[in-house]
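Undergrad: Below are the chains, spelled out letter by letter.
Number of protein chains: 2
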Amino acid sequence: MTEAVAAARRSRITPEREAELYGAVLDLLREVGYDALTMDAVAARTRSSKATLYRQWGGKADLVVKALRHSKRGHIEEIDTGTLRGDLHALVAMEDDCVMAQNSALLRGIAMAMHHNEDLREAFKEQIVDAEIVNGRQMLQRAVDRGEVRADCPAIDFMVHMMVGGFATRTLLEDQPPTQAFLTSYIDAVVLPALGV
Amino acid sequence: MTEAVAAARRSRITPEREAELYGAVLDLLREVGYDALTMDAVAARTRSSKATLYRQWGGKADLVVKALRHSKRGHIEEIDTGTLRGDLHALVAMEDDCVMAQNSALLRGIAMAMHHNEDLREAFKEQIVDAEIVNGRQMLQRAVDRGEVRADCPAIDFMVHMMVGGFATRTLLEDQPPTQAFLTSYIDAVVLPALGV
Numbered sequence: 001m002t003e004a005v006a007a008a009r010r011s012r013i014t015p016e017r018e019a020e021l022y023g024a025v026l027d028l029l030r031e032v033g034y035d036a037l038t039m040d041a042v043a044a045r046t047r048s049s050k051a052t053l054y055r056q057w058g059g060k061a062d063l064v065v066k067a068l069r070h071s072k073r074g075h076i077e078e079i080d081t082g083t084l085r086g087d088l089h090a091l092v093a094m095e096d097d098c099v100m101a102q103n104s105a106l107l108r109g110i111a112m113a114m115h116h117n118e119d120l121r122e123a124f125k126e127q128i129v130d131a132e133i134v135n136g137r138q139m140l141q142r143a144v145d146r147g148e149v150r151a152d153c154p155a156i157d158f159m160v161h162m163m164v165g166g167f168a169t170r171t172l173l174e175d176q177p178p179t180q181a182f183l184t185s186y187i188d189a190v191v192l193p194a195l196g197v
Numbered sequence: 001m002t003e004a005v006a007a008a009r010r011s012r013i014t015p016e017r018e019a020e021l022y023g024a025v026l027d028l029l030r031e032v033g034y035d036a037l038t039m040d041a042v043a044a045r046t047r048s049s050k051a052t053l054y055r056q057w058g059g060k061a062d063l064v065v066k067a068l069r070h071s072k073r074g075h076i077e078e079i080d081t082g083t084l085r086g087d088l089h090a091l092v093a094m095e096d097d098c099v100m101a102q103n104s105a106l107l108r109g110i111a112m113a114m115h116h117n118e119d120l121r122e123a124f125k126e127q128i129v130d131a132e133i134v135n136g137r138q139m140l141q142r143a144v145d146r147g148e149v150r151a152d153c154p155a156i157d158f159m160v161h162m163m164v165g166g167f168a169t170r171t172l173l174e175d176q177p178p179t180q181a182f183l184t185s186y187i188d189a190v191v192l193p194a195l196g197v
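Chains as they are written, first to last, in the UniProt record's numbering: chain D, 1 to 197; chain U, 1 to 197.
Just chain D, with the same shape it has in the complex:
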């Protein structure tokens, strides 16, 4: 199903109802995890029919990834402070530490589930990772256009590895969620110097 057809089908429900439904999906995810989450449970919790859920989202992986994407408060594409440092700091400031801790726990669970669910891995990559990469490239392109970053700087190709490194290493190895203070220090110490800023 194409994105346009899916959007048209989803448009039968109001944005308020859609937000309520995504909220219920994230609540269930936090309660039982991806593997134990069933479309039956989502249908019961949201007083929907399973047929409606399948018609509008296709399946569990798609519904969960759309709910995750919807939960992001701000939008990276709205950030444009005039400097790369300002843009990256604004990116970190979009979510306060409490929200970041919640999302970190959720993403950790999703990362585990991706290990043995190929459909989830594909949906997550297509709808979240690839979208973030596109947005990140636009941010970097503005920095190149302003003359802050050289167009041939080799670190440009590793932007996502650098960012995920800070976020995931903290979550996986240090067993604590990333904080705004940690990510801001990491950006200043690693990401900007690697980009020659």
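It is possible that part of the hints are untrue.
Any copy will do: because identical chains look the same in the list, a pair fits if it lies in one copy or spans two.
[Claimed, not checked] Distance condition first, Cα-Cα at most 25 Å in a straight line; then the derived SDA-like pairs of lysine to any residue:
{"#": "1", "residue 1": "72", "residue 2": "170"}
{"#": "2", "residue 1": "125", "residue 2": "101"}
{"#": "3", "residue 1": "50", "residue 2": "138"}
{"#": "4", "residue 1": "125", "residue 2": "147"}
{"#": "5", "residue 1": "72", "residue 2": "53"}
{"#": "6", "residue 1": "125", "residue 2": "44"}
{"#": "7", "residue 1": "125", "residue 2": "103"}
{"#": "8", "residue 1": "50", "residue 2": "38"}
{"#": "9", "residue 1": "50", "residue 2": "139"}
{"#": "10", "residue 1": "125", "residue 2": "196"}
{"#": "11", "residue 1": "50", "residue 2": "140"}
{"#": "12", "residue 1": "72", "residue 2": "19"}
{"#": "13", "residue 1": "125", "residue 2": "181"}
{"#": "14", "residue 1": "125", "residue 2": "171"}
{"#": "15", "residue 1": "125", "residue 2": "102"}
{"#": "16", "residue 1": "50", "residue 2": "184"}
{"#": "17", "residue 1": "72", "residue 2": "145"}
{"#": "18", "residue 1": "50", "residue 2": "131"}
{"#": "19", "residue 1": "72", "residue 2": "174"}
{"#": "20", "residue 1": "50", "residue 2": "80"}
{"#": "21", "residue 1": "72", "residue 2": "150"}
{"#": "22", "residue 1": "50", "residue 2": "79"}
{"#": "23", "residue 1": "50", "residue 2": "185"}
{"#": "24", "residue 1": "50", "residue 2": "132"}
{"#": "25", "residue 1": "125", "residue 2": "170"}
Read the hints as simulated data drawn from the structure, not as lab findings.
Given the structure of chain D, go ahead and fit chain U onto it with the hints provided.
TA: Below, chain U without anything else, positioned relative to chain D:
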């Protein structure tokens, strides 16, 4: 059990027998994964008694982590090429792409299992991560002593985040193992510039 007591108890078996046992543990890990691996299966595969395994390793988490640590061919502490760039490239060259792909799949499975096994997470952190951090710090300290890296360079504190970022992002998001070529480019593009080299 202290490390010294454990070593004394392990010393009752020969190094060859120990290597054989660790090899069997890694084979089983690859076949069934951490959660389904049992001490019974290890005992059967290695013709040991479970009592011996428990007496010598304490439990599954400790046995698996020691087997992982033992599987590393070279030793980072033996690397000393005279430059930080040379040392980091030598680190990458310790494992060829085939071994790296095998270890990456194994580590991915272990990372997933760590999510819900606190004893595995603790054993992995204590015996692998912390040891790598100590070795990495020694490598960096030599670079500081040679005047390659400033002692107050803020990226020093993020060395493990940078390295794990390259390795894990590739494994988790790009669904392919890291290669020597990839990691060497990453070190040249991100790690060394961030450290001001």
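Undergrad: Run every hint past the structure and note whether it holds.
TA: To see whether the hints hold, each was checked on the structure:
no., hint, in the structure
1, 72 / 170, "both (20 Å within a copy, 24 Å between copies)"
2, 125 / 101, "both (21 Å within a copy, 21 Å between copies)"
3, 50 / 138, "neither (39 Å within a copy, 58 Å between copies)"
4, 125 / 147, "neither (31 Å within a copy, 42 Å between copies)"
5, 72 / 53, "within (22 Å within a copy, 48 Å between copies)"
6, 125 / 44, "neither (28 Å within a copy, 41 Å between copies)"
7, 125 / 103, "both (17 Å within a copy, 23 Å between copies)"
8, 50 / 38, "within (10 Å within a copy, 39 Å between copies)"
9, 50 / 139, "neither (40 Å within a copy, 57 Å between copies)"
10, 125 / 196, "neither (28 Å within a copy, 33 Å between copies)"
11, 50 / 140, "neither (42 Å within a copy, 57 Å between copies)"
12, 72 / 19, "within (12 Å within a copy, 49 Å between copies)"
13, 125 / 181, "between (27 Å within a copy, 23 Å between copies)"
14, 125 / 171, "both (19 Å within a copy, 13 Å between copies)"
15, 125 / 102, "both (20 Å within a copy, 23 Å between copies)"
16, 50 / 184, "neither (43 Å within a copy, 49 Å between copies)"
17, 72 / 145, "neither (28 Å within a copy, 45 Å between copies)"
18, 50 / 131, "neither (28 Å within a copy, 50 Å between copies)"
19, 72 / 174, "both (24 Å within a copy, 22 Å between copies)"
20, 50 / 80, "neither (41 Å within a copy, 62 Å between copies)"
21, 72 / 150, "neither (31 Å within a copy, 38 Å between copies)"
22, 50 / 79, "neither (38 Å within a copy, 59 Å between copies)"
23, 50 / 185, "neither (46 Å within a copy, 48 Å between copies)"
24, 50 / 132, "neither (31 Å within a copy, 49 Å between copies)"
25, 125 / 170, "both (21 Å within a copy, 12 Å between copies)"
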